[in-house]
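Just so you know, the protein sequences line up as chains A, B, C and D, in that order. For what it's worth, the working numbering labels the leading residue of the first sequence as 682, then goes sequentially. For what it's worth, the working numbering labels the leading residue of the second sequence as -8, then goes sequentially. For what it's worth, the working numbering labels the leading residue of the third sequence as -1, then goes sequentially. For what it's worth, the working numbering labels the leading residue of the fourth sequence as 38, then goes sequentially.
Each hint should be verified, as a subset may be incorrect.
Only part of the chain A face toward chain C is listed, based on derived beta-carbon distances under 7 Å [to be verified]: (1) A692; (2) K723; (3) S988.
Everything labelled a hint here was simulated from the structure, so no lab data went into it. Even glycine gets a Cβ: it sits at the ideal position worked out from N, Cα and C.
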Amino acid sequence: MSAFVMPSLGADMEAGTLVEWLKRPGDRVERGDVVAVVDTQKGAIEIEIFEAGVLDRILVQPGEKVPVGTAMATLRSNGAAQEPEPAPPQPPPEAPPEPERPPPEPPPEVPPPEVPPEITPPPEQPPVEVPEPEAKGGVRVRISPAARRRAAALSLDLARLRGTGPEGAVTLADIEAAAVARVSAPPSGRAPGVGFDPAAMRRAIAAAMARSKREIPHYYLTQTVDLRRALTWLEAANRDRPPTERLLPAALFVKATARALRKVPELNGFWEKDAFRPGAGIHIGWAIALRGGGLIAPAIHDADRKSLAELMAALRDLVQRARTGGLKSSELTDPTITVTSLGERGAETVIGIIYPPQVAIVGFGRIVEHPWAVDGALAVRPVVSLSLAADHRASDGHRGGLLLAEIERLLQKPEAL
Amino acid sequence: MTEAELRQIVLDTLGDIAPEADLAALPPGKDLREELDIDSMDFLNFVIALHEKLGVDIPESDYPQLVTLDGAVAYLRNKLGI
Amino acid sequence: MTKVHLDHAHNLHLLKEMIRIRRFEEKCFELYQAQKIRGFLHLYDGEEAVSVGIMQALAPQDAVVATYREHGQAIARGIPMTALMAEMYGRREGCCRGRGGSMHIFDRERRFYGGNAIVGGGLPLAVGVALGDRMQERGSLTACFFGEGAVDEGEFHESLNLANLWRLPVLFACENNLYAMGMRLERAEAEPDIHKKAECYRIPSEVVDGMDVVAVEAAARRAVDSIRAGNGPYFLECRTYRFRAHSMFDAQLYRPKDEIEEWKRKGPIVRFQGWLSENALLHADELERIEVEVAAEVDAAVAFAESGTPEPVEELERFVLMDAVPA
Amino acid sequence: MTPVRITYRECCRQAIREAILTDPRVFLMGEDVGRYGGCYAVTKGLLEELGEDRIRDTPLSESAFVGAGIGAAMAGMRPIVEIMTCNFSLLALDQILNNAATIPHMSGGQFAVPLVIRMATGAGRQLAAQHSHSLEGWYAHIPGIKVLAPATLEDARHMLKAALADPNPVLIFEHMVLYNMEGELDPTIEAVDIASAKVRRRGQDITLVTYGGSLFKTLDAAAALAQDGIEAEVIDLRSLRPLDVATVVASVAKTRRVVIVDEGWKSGSISAEIGMRIVEEAFFELDAPIGRVCSAEVPMPYAAHLEQAALPQPATIAAAARSLVGPA
């Protein structure tokens, strides 16, 4: 006894509907005889039988839809006696409910290929936003971009972090965990000086200063400026300001210099390929001495348009971020002029070396009490030594002098700054 | 708040400003600005930190009283009345 | 008129070759329904005379380019049924390691340059093989098989023009079975007389009754003689008919049933076998012996395929690039 | 409105029928779309109902009848051209690229090409190398055309309407494995847009971006990942050109990990383009490398076990996702 089953007529045929039997039980059939008609999505197709014999019993009635492989009739090979009526045929296997999705051609059990799907390695290009967090010894830290940005924001030293990401890379979660750990750390667990690698910085300063001296024909001017009006105004202004809003002389120096540069624009810009390129705005590079050595001059953008309060906030922010390694590389590369001030414990006069490719550097010495002639009489005045070093390729002494005179004039009317 | 706690807060504040400094070895009577290489910006941040942590107002005119560790502690004790 | 040398042995050979193809196709039809063969399957029943007839005129060094309905050409060209069946089972022992399936049979040794599943795709290849052979003075020709559907493809025009422009040794063998899948000839051709199209490129062409294996062999010999004499390509339009659907999954809504029955009555095997019997050129026992031998050959092919092994997955990317040109 | 039970194939047919009945400019042209009823039986019965003028069987001349479709569109018709499978579209690539995609721009806006081209695509039925390509990514490289990949029943039913209304040439790729898919068509959806991606499954641990035939393998992978406590967000692109990068970036910004599933070959694929867009627009959101699961770079083999090994599978998609999520 053998079964005549619903044939597969096409690559994507899963089931067929029996339309009509062309043979009846007891009929003799030969190989190749058409015994039934089946309906498919392509239309009605005649079905052949591939075995000779006598049709025994019909299992599927016209109109029934059954999956490929379902027994539709039994066949007695030639000469076999009619089988006794077997138990009623169990109903053809319940047609599997039409799955929501195409029943994926049951792929033979395919072990996932041993070769892991190649994950393309992360692009190695350096981050644009944040300076390279080189661990000591220059080994690049494997860290995800999101983690790197967060670390910068939290001023975390990446070098000492152990990553839990792919191949030990530092992930966002690692940064968050480290940040939490730091806050709860006992006070004595002070994070050592953070941010820049002093040795690398020293090399960078040396290179810049050597190039400046080599290429730039400096000329130098100095001027002593009376600060009585400025300091008196400052003291009065700070009296009714909370500490967070109090101003320092540095704010006045930056504002005066920035406003003065509007009158002498040829000192605000760059010397490139034998030509002066004016700055796109007045961005004052404020020289900050780092604790434990090193110097950096990040930019205060559009200093001429900022209020004294805004300048003070900018100065405090720059100093704080400079010391914790949180400066953006763009802040280091786009000042249009540099202003340096050694503060209360510096020398009386500082004359700077221009930071290429800028074309000028203004210096403010220590504020000291000096004898001062006022209307022919001798008086004592707080004064500051104001200096300018400028690139003689871009400007001449006369123009430099005008700048210093303008700074002095502006410092006499602090309330207008 | 005891005087010892107040002294520790002052030391912690100085530590934030001069992380690499060895505060244990700081002579309490010496000028902080010399000992810890503190400029006007650092000193302003020192004042701001004390103001925020302790809620005391410190006018500019009082700055000279805060230039030594002992001076600062005494000044703050007086201000806080402890 | 070149005469076909019809001795007894040759007659039996022609008959047996056609029966070999027919029985092979019938077994494929059965095995597809049992899900042993998958993908697309285009069967050759009814067109056996074309392959068998033409292959008699070819020499071992000649090349063959075929289409996806290629079991006839492959078997007539001498590719063993075992390799073909194993290929359709997707087994490593198949002629292409199970990678090509029914539509892409290749055999380097027998210069069988493959089936092509893109209609008309084989014509430019055939022109190229003929060009290469001619430039290396191999003295061989290339037989290019295609259906009448291919004449509507741009490649048909480009290939015939180039073939005659450079007088290349190509035998263009068009199996005109009246249907391009569901498109009957008249519904697709502005000029239904296919062989006339060759005249536009001044290629000598003939129409031949694709159901008469002797007539096909005779025409093929005429074509081969002309090509070998250096007269350039030759075009044979073999008018034939396919008894089965275009492929396995086709309800044949486009043609009437009685038309199929009518062509079956004058099918290539029935006709030749009938002619031989009427002229006492075939004895009943000889036919019986042929059927027994063919049945054994087909069963052996199935057994070979059943016992075949899948190609290891690690070899998946092998031959994407070749290390060297096979000698 | 009780939901209607329907197949993806029937959705395509109803869309074509509705378009022809409602707009006299619309007609269907392609190989065996009429008498034969369509290679995948999508257009069975349409010739009998709509006649030879609107359901046009063509000879096997892809370049000619696709070019003719472009010409008819330029002359004011709204043709639907069926190329049996994307494998045969290579014969019409010149017409699609150098005419359909180029003429509007090249003519200075004088001519539009309001043409829809439908093609079956993809592998998975052992049709071997020449019949198993997945070329959507290629076409998505071409400015001047739109490329759609309907995966759901609603998209199969309604994308054609939007494509016909679009003045530009629109290519619709129907993955052949989907034709038999049956389900309930959402009756509340009357129309769909053809420019935005859709989130088919919400998740916050990783984003799986895919389209067309790979959608359901990706959803299977997401289900498997859920067992391990990894919630994957599955995005169905629906349109490969234009690419709805915003939806992808928004998801990546949330999950910070992404795997792109694409049945094309990896080199120069649409997945490569999507990966680059993510790097350009969401670089700092990433917390792991971008993963891709594509077809092995081989001509698709006939043998079932080799074909399945070459194609993206739920197991390989889930594995790729797990490797990026790392130890839970």
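Quick rundown of the hints versus the structure:
1. A692: For A692(A), the interface hint holds, since the closest Cβ of chain C sits about 6 Å away, which is under 7 Å.
2. K723: holds (5 Å)
3. S988: violated (67 Å)
Checked against the numbered hints above, the structure breaks only hint 3 and satisfies the rest.
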